[in-house]
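Turn these sequences into a full structure, and let the hints steer you where they fit.
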Amino acid sequence: MKNYYINSLLHGGDYNPEQWLYDPCVLETDIEYFKKAHINEVTLGIFSWAMLEPEEEQYDFGWMETIINRLYENGISVILATPSGARPKWMSDKYPEVLRVDEKRNRFLYGMRHNHCYTSPVYREKTRKMNTELAKRFGNHPGVIAWHISNEYGGECHCPLCQEAFREWLKEKYQTIDRLNFAWATTFWSHRYNGFEQIESPSLCGEYGLHGLNLDWKRFVTDRTVDFVRHEVKAIRDAGSEKPTTINMMYDYKGLNYHKFKDVVDIISWDNYPQWHKKAEYLTAMDNGMQHDIMRSIKHQPYLLMESCPAATNWQPVSKLKKPGMLHLASLQAIAHGSDSVQYFQLRQSRGSSEKFHGAVIDHYGGSDTRVFDEVTRVGKSLEQLQEIVGTQVEAKVAVLFDWENRWAMEDAQGPRNKGLYYKETVEKSYYAFRKLGLDVDVIDMEQALESYSIVAIPMLYMFRDGFENKVRTFVENGGTVIMTYWSGIVDDTDLCYLGGTPHGLMDVFGIRSTEIDALYDWESNTSIPVKGNSLKMTSEWKCKNLCDLVKTTSAEVLAVYGEDFYAGMPTATKNRFGRGNAYYICADFEQGFYDEVIKKIVKDSKLFVPVKSIPNGVEVTTRSSSENKYVFIQNFNMHSVKMEIDTRNSQIILGNYKKSTIEGFDTIVLKLKR
Amino acid sequence: MKNYYINSLLHGGDYNPEQWLYDPCVLETDIEYFKKAHINEVTLGIFSWAMLEPEEEQYDFGWMETIINRLYENGISVILATPSGARPKWMSDKYPEVLRVDEKRNRFLYGMRHNHCYTSPVYREKTRKMNTELAKRFGNHPGVIAWHISNEYGGECHCPLCQEAFREWLKEKYQTIDRLNFAWATTFWSHRYNGFEQIESPSLCGEYGLHGLNLDWKRFVTDRTVDFVRHEVKAIRDAGSEKPTTINMMYDYKGLNYHKFKDVVDIISWDNYPQWHKKAEYLTAMDNGMQHDIMRSIKHQPYLLMESCPAATNWQPVSKLKKPGMLHLASLQAIAHGSDSVQYFQLRQSRGSSEKFHGAVIDHYGGSDTRVFDEVTRVGKSLEQLQEIVGTQVEAKVAVLFDWENRWAMEDAQGPRNKGLYYKETVEKSYYAFRKLGLDVDVIDMEQALESYSIVAIPMLYMFRDGFENKVRTFVENGGTVIMTYWSGIVDDTDLCYLGGTPHGLMDVFGIRSTEIDALYDWESNTSIPVKGNSLKMTSEWKCKNLCDLVKTTSAEVLAVYGEDFYAGMPTATKNRFGRGNAYYICADFEQGFYDEVIKKIVKDSKLFVPVKSIPNGVEVTTRSSSENKYVFIQNFNMHSVKMEIDTRNSQIILGNYKKSTIEGFDTIVLKLKR
Amino acid sequence: MKNYYINSLLHGGDYNPEQWLYDPCVLETDIEYFKKAHINEVTLGIFSWAMLEPEEEQYDFGWMETIINRLYENGISVILATPSGARPKWMSDKYPEVLRVDEKRNRFLYGMRHNHCYTSPVYREKTRKMNTELAKRFGNHPGVIAWHISNEYGGECHCPLCQEAFREWLKEKYQTIDRLNFAWATTFWSHRYNGFEQIESPSLCGEYGLHGLNLDWKRFVTDRTVDFVRHEVKAIRDAGSEKPTTINMMYDYKGLNYHKFKDVVDIISWDNYPQWHKKAEYLTAMDNGMQHDIMRSIKHQPYLLMESCPAATNWQPVSKLKKPGMLHLASLQAIAHGSDSVQYFQLRQSRGSSEKFHGAVIDHYGGSDTRVFDEVTRVGKSLEQLQEIVGTQVEAKVAVLFDWENRWAMEDAQGPRNKGLYYKETVEKSYYAFRKLGLDVDVIDMEQALESYSIVAIPMLYMFRDGFENKVRTFVENGGTVIMTYWSGIVDDTDLCYLGGTPHGLMDVFGIRSTEIDALYDWESNTSIPVKGNSLKMTSEWKCKNLCDLVKTTSAEVLAVYGEDFYAGMPTATKNRFGRGNAYYICADFEQGFYDEVIKKIVKDSKLFVPVKSIPNGVEVTTRSSSENKYVFIQNFNMHSVKMEIDTRNSQIILGNYKKSTIEGFDTIVLKLKR
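Residue numbers (full-length UniProt numbering), protein chains in the order written: chain A, 1 to 675; chain B, 1 to 675; chain C, 1 to 675.
If you are wondering where the hints come from, they were derived from the structure by calculation, not from laboratory data.
Hints are supplied without guarantee of correctness; some may be wrong.
Copies of the same chain look alike in the list, so a pair counts if it fits in one copy or across any two.
Here are the simulated SDA-like cross-link-like pairs (lysine to any residue), alpha carbons at most 25 Å apart as the crow flies [what the hints assert, rightly or not]:
no., residue 1, residue 2
1, Lys254, Cys205
2, Lys419, Asp271
3, Lys424, Lys630
4, Lys278, Asp412
5, Lys543, Pro324
6, Lys278, Tyr422
7, Lys254, Glu355
8, Lys552, Ser540
9, Lys674, Ser614
10, Lys537, Ser661
11, Lys279, Asp596
12, Lys545, Gln414
13, Lys424, Gly438
14, Lys278, Gln414
15, Lys260, Asp445
Keep in mind it's a predicted model, so treat the numbers as computed, not measured.
Here you go:
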């Protein structure tokens, strides 16, 4: 388990005692309450810059030292943050270059957070000094177990410094301006550049239609942010601290390709704020589960749930209370998917400013006799019961491909539907179909290896990067099963269309060619009708919407056909034997049931291990594995109890109640079995 | 009746004869028509600056003098406006500082109106000179009865001059930067200021999440505007005119706390443009009635209806004609609620520019043989019949609290629901419940005294200013009845959360503590079920939405409880005896019927005077009082006639038809009775 | 047929071979495919500036010469574009003045297209030089048949150069500032100008409520664009080329009054991208047909369909495939309405940038064995069959008035409904009613002559320009029939309201006066009830919405009356005999059926020639005429076949199938008959 550094399941979260220094009793009350709630960790120092360096180069670490020591004395460890997520006012006043510039080329005023220029030499130097000071003082403190670098990185800056850095980045990538002109198809609309110095970042008041430029800009923004993280980490390492690092990522954040961060941090962590009770809990859990799996798949290691809300948030349109039991259920879902922590934002609620009503373990009332405090304590106790799970892996044999850069390109492309491509939703359909069978799923991107999987779903992979088609070809040749959909293999990695037919490079693998794609209005649909005697034994009719691919088969078997419109009778799903594997192609945006049927039948053919035979509606089954044991989490996301047959002869229930074949509403059962 | 200066019911409105100077016949026709329509007043000079000072320091008052004289000779008095609502072009060209700067720090170009920097020394000096000249010439003219200062003040300016003034304002308020930092909770997100000079006004491209800053900025904007009004009035007084002053306020205008203007003007006036015929007239009348009562309650004196539309407006999305009788009904509603005038925008319609299609007494056709002219004439006649009412008061024994600063804070707070708090709608529910009983209602803010009332409703008073909790405590101790709701007493006057439990300072008065608040999605609801044998005799079930407070009682009686969700059985309404009074607490956002039931039963217990026993649906009953008489207005907002028993033995009908116990559709009856 | 220069029906479109110079095979393949598809024309050079002048004053025309020659050798002619629709980057970098400035006075960055300052001396000089070079080299090439000036002109610039030009334009128009002040009613809101130098263009951050200013600005923008076109054409003529010129106009483009371009170009052409299959095809065809007729009516000559999409676009929200037969049907609709070409954007699809997925004759796949290629070929064949039609006219005896400046004024006016005037939709109702009878219709503006028509519909002519009322009066006096509606004759040509009653100058002609106009909410309606024994024999009840005019009649006959509201019984439609003609007035926004009934009965009285007796639903009938023949196009816009009686005794079917009185779905029949 190299590169992984957390030794026990953590229970804790964001803590800002610098807001309460005026009343020393608060710290002591908090420590007492933390112990009561089985909290063993706090994340300290996020947004503390103004308290650590109140005036330029005048540092004050005393208050922090006191707090770290008091926590350590009480058995509570600290994940220490660098404070670069928000700047003090004096810095923006003295060095306006640290302020970000928007795409209209207007510099922001001081305010809010997460809005620094990552290129600015001043901001880099100030960050370096601060991190150095922090690391020198606390980087080897026994109470400090890890570094939390900055906070929720995001956004982009269009200042002259960033423009210059962008040009350098392009020069390195393309070497000559002719190669850039070809890659971006600049001859269109007379947009040819005579030199790199002519290039400017995309802007709604300038150029926003050159897709190659837009895409490279997004890549540059990710690279710039990675570079800034590297810069922050380097300062810590240079100052002699070797504790592991993490950055806290966000739910479905489109602005950064998180995969690119896998080598600059030691641990992946993320902030998880689902809107429970808005739709059926199970649907929220599925959606949320996929995000957990994305995070885990970045490094294929356990990760941390860095933030979650113990009560209701305050920034969602409607901030609903979690019903009794929901916090426990959601917290253990994270553990089930591979997290080694349950952490909250926030341990004590702020008195003022924009997050003062965000839920907390200790609220404004200030007592420990609250419903939320009891729910948190229950989570703490369960984590103690499950300590042996720390560091165990999730071993997925199936994967779904979900690629950031593909999404950027496809959503910018101006294609058949400019509102309503539903990329994420389409990925989820394959993911859900696998999860309903109790299969653990990796959610990977195009740069990751495929060979360890039996089945890989590749929905809407509009863009093929770096010869991805060859990866697929080899995977199928060697016996893998691939399920690809419409609108795949259309463009290369600078969004230049492939000539000669699509899906590019895979027409023989799938035995088809896509000839046209029809877009449907929101109120339209078509149907799929199974072909009699098809080899997958499809039997049901299904509805599709939005996009319908019109393919011609060469060697593929037609499994089902369209029922309507002028392309009635053309294929909706095909299967092609290629090498030792199978290549399935799905032609249209079908409803969930279609995916459920197709994937269930493909999985049946594949003889994959399934931990539980039959899973009732609303129940999620997930497995973590050590070298000796498997830990099967069975979570009932229904509010009511369900009947479910579990074979307990060779296993032990280490959490939860299972009596008379029944699991209570919102309950979690953890089964331990020898491998 | 000190501080009140109007001696007869006025009938008239905005008049811009400077637009017609090219044709002298127009003035003479207008005077003839005014007399025909029983118009006895015109408001002159609004937006006349370019005609009064066509070039810098070159004044031309001749045309105005002629007009005032001609009107005076014909018995028509003038309310004279200062022209500062719009500037001439030459001023903006020569002195760009008079142009406002928006929150993104961009200076506006010249155009439109109501967009001057109120700090600009140039604008203040130009205004001072203009007002001085006007006052010298017309300030003691016998035809001039009052001053109309500028027009519909509003908006804000973020120019460097205003930034500096804001910093001065903050320095005066907080004295030290530490106190400001504490009050605004600036430690959150590292936002601490090292000095007042670091502070900038809120901006969407800078700081907008620091609620204390946002709130103080709004207060500053009000104070700045008040200061500008004071400046305008001073010029008039310094030039020797002692006529009363007014500013025309607007319907539900959030930008300024109108209560703060009560000492700088002599008379309150406002502009009233309800959208009649959009929903049931009675609902519009209720909504509108509350605005009348807000205006009256600012000074607790008769006020003026400064603008209303004799026909259809032109700036509403759909500008509907008023149906026959509507103008008369709406005009007398103003009188019923305490207005001593019915004034129109506009007497003669402009030929061009953005309000050319706004309804007028005299339209582009130009004849007096129009339907609208007849409707106006009918109003004029009725006002003449009711002249004895001038100066009489509305004596309310119940009040509803509706506080501007509370609204600013609550809507900015980022709390349980960020779209859909429904503060105004919730206030209206209490207001409507009282009004349906025929009770006159004051609509007051937190700074006003409570002691003169029997019952005070305090809905959603999120913020307590200046120890407001003590005012409530004393009021109840002394025998008052208070009805407070959920989401009250949460923060102090800089939006800093109270610690130790809410409603702050009143947990013993209400005998409860609020523990959590649940937010409901728009499609969700809960119910209230009465507790058997409750002392208020509540018997009905009611639906609630949006927000549900979860309270624990200490000494309070539970009147009713939730029917659903995990908090079923917790209270929805409580009653606590405290001192000699009663404190009711309503836990959720209930439908109107709930308020109707609760308030009807509370009023029944209170033995308040009710002018009419039983009021049919759609009828509004309002009372004005002199030292000797009461004048009861009974207005039928239904298009059809209604049966209604009125005890006419000791009263006299001085307006309207009442035969066979019937009031006609859209008719108004005025009853005069000895006190 | 003076001023008209095209000698055969063209089939072709936009072609950008400069994007494929790296592969010379592409041109040869394209030529082969063009011939296969009966393509006889390409439009070359649109957006080629960066390839023609890669660096300042370094021209490269070699590639273009090769291409024109190769096409010519293969019998394919060229319409040659000036490249001013998009600039090279070097130009914007060196001369920022060529970049447009928006109404907030921010200069755009480089990017996209169609965004040059048309005043900039630099841009004019660069364009002059480029056009001169192009014309010298290719202006007399036998393969070049016409000039395509720039591309889809549009937009506006607020830079200092344009401000100055606007002031000059105003000075020329008004001569004195007093006349401008009067015309714009600047006394309102103190907006008087002391001199032309004080005037600035309208802006949302300055003046946007002065309707006269807004209107003159829009006129200026059109004039500026016309002037730029004139400048471009002059360069070509000065260089010795006399080939005809055109600019490609757009569907319902509000930004420019296209009628003003009629004298600066030789041929009208436009780009037509209907959203087929979104609603019933017939409705789309009607809408589209009106746009064709607008274009034809600008010069009353055949025009060109310069762009249309052979497959699906990529810029519509949903880019749907055309169903089989649709392309042929839509292409021939253009011919039927007066086009002498069917041209596409684009012949070969781009590989990259923002239009890479826009449908093309040759797509990324690159074969000629596609469904779209077959559809295009079918169009090519039909055009060859119809070659004798080239240059024939459409001779309309009825006209509908649709005026750009009227629309600008009315939509800016702030009147009875500020969202939902439905001008275009109201014009369409009259247009559709005529078209359903098979009558050809001119769609003209106020500046055009009326005398050649029998019936003229004038819906919602809010603004009368240049004594238009006299034109109407004379037309009716001389025996014409006019059908006018509510909200007509309200303002003069600077948006100044007429005094003394409306419709201005025509109250005697129509025998009515409009007294008030009621606006209805979206959910409201009223009805029309025919008067017994009315002379038009109206018999049906109809529903109206949005706007209801309340008119008083003097001499007019009331045909029908309102059924509801307080104006029940007032007229909804009137008829007045005036001179030798008839003047109908429609009072409210009625449903289509009302127009169908009224117009059918008026046409019946008029004895106009109707080419076909009875037209089934969904069929469009259109006629082109030469001096000897008439060509009647009968197009079935239903997907199913219809029965229809056509008298073929004196005619010949030159296209399409007509058997057993049946026309197939989506088919076109062309009938040739002697005059």
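Practice task
Compare the structure with the hints numbered earlier in the document and write down the numbers of the violated ones, lowest to highest.
Solution key: 3 and 10
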